[in-house]
Amino acid sequence: MIVPRFYHCLTFFGCPHSSARYTVRSFGIRRNEKIACYVTVRGEKAMQLLESGLKVKEYELLRRNFSETGCFGFGIQEHIDLGIKYDPSTGIYGMDFYVVLERAGYRVARRRRCKSRVGIQHRVTKEDSMKWFQVKYEGVILNKSQANAS
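If you use the numbering used here, the sequence shown corresponds to residues 3 to 152, in order.
Among the clues, some could well be false.
[To be verified] Computed list of lysine-lysine pairs in BS3-like fashion (alpha-carbon distance at most 30 Å, straight line): (1) Lys128 x Lys117; (2) Lys47 x Lys59; (3) Lys36 x Lys59; (4) Lys36 x Lys128; (5) Lys57 x Lys133; (6) Lys59 x Lys146; (7) Lys138 x Lys57; (8) Lys146 x Lys133; (9) Lys138 x Lys87; (10) Lys146 x Lys57; (11) Lys47 x Lys138; (12) Lys128 x Lys146; (13) Lys36 x Lys117; (14) Lys138 x Lys128; (15) Lys47 x Lys57; (16) Lys87 x Lys57.
Keep in mind that the hints were calculated from the coordinates and are not lab data.
All values derive from a computational prediction rather than experimental measurement.
Using the sequences plus the hints, can you model the full thing?
Right, dumping it as structure tokens:
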């Protein structure tokens, strides 16, 4: 599979694969065939990657891109829009970005011992993540009707 080479160049890490759950003849996909890969990026490298992805989207996201838990995601059609050189052996791939925003202390909900709930006031809401996006990246949040008009 050629895609991991691309992600290795993008993030300088190896990446795990996602396999097909079942065969879809019309797409030419077999069960357990490696069809995608993903990578988790944190810190400064994640901010740079997010910045380049948002630049492709012109810092405009739809309101429906934001979830109730404070996460947001978007996709781009071609990875070469990020400024990566085109490689004929790799081809052109789309890419999805998914950003998870958390406040310090969220580990208490995921740890193995003494799990606890994160308080309502401490959770990141949809409005919090939209405000963070607007302040940090000077982004614009569109409604679906506004996106169709432009």
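Structure-based check of all given hints:
Annotation: proposed proximity of Lys128 to Lys117 holds, straight-line Cα distance about 24 Å (limit 30 Å). Straight-line distance between C-alpha atoms of Lys47 and Lys59 comes to about 19 Å, which keeps the hinted pair within the 30 Å bound. At most 30 Å may separate the alpha-carbon atoms for a hinted pair to count; Lys36 and Lys59 meet this at roughly 28 Å. A hinted pair counts as satisfied when its Cα atoms are at most 30 Å apart, and Lys36 with Lys128 does not qualify at roughly 34 Å.
Among the hinted pairs, Lys57 with Lys133 is consistent with the structure: their alpha-carbon atoms are about 18 Å apart, no more than 30 Å. Distance check on the hinted pair: Lys59 and Lys146 sit about 15 Å apart at the alpha-carbon level, within 30 Å; holds. About 13 Å separates the Cα atoms of Lys138 and Lys57, which keeps this hinted pair within 30 Å; it holds. Under the criterion of a C-alpha separation no larger than 30 Å, the hint pairing Lys146 with Lys133 is consistent with the structure, at around 18 Å.
Distance hint between Lys138 and Lys87 is fulfilled; the C-alpha atoms sit about 28 Å from each other, no more than 30 Å. With a C-alpha separation of about 20 Å, the suggested pair Lys146 and Lys57 falls inside the 30 Å cut-off, and the hint holds. Proximity of Lys47 to Lys138 is assessed by CA-CA distance (about 16 Å); at most 30 Å being required, the pair is judged to hold. The straight-line distance between the Cα atoms of Lys128 and Lys146 is roughly 17 Å, inside the 30 Å bound, and the hint therefore holds.
With a C-alpha separation of about 35 Å, the suggested pair Lys36 and Lys117 falls outside the 30 Å cut-off, and the hint is violated. Distance hint between Lys138 and Lys128 is fulfilled; the C-alpha atoms sit about 15 Å from each other, no more than 30 Å. The hinted pair formed by Lys47 and Lys57 meets the criterion: a straight-line CA distance of about 15 Å does not exceed 30 Å. This hinted pair checks out: Lys87 and Lys57 have alpha carbons roughly 17 Å apart, not beyond 30 Å.
Hint compliance for this structure: hints 4, 13 are not met, and every other hint is.
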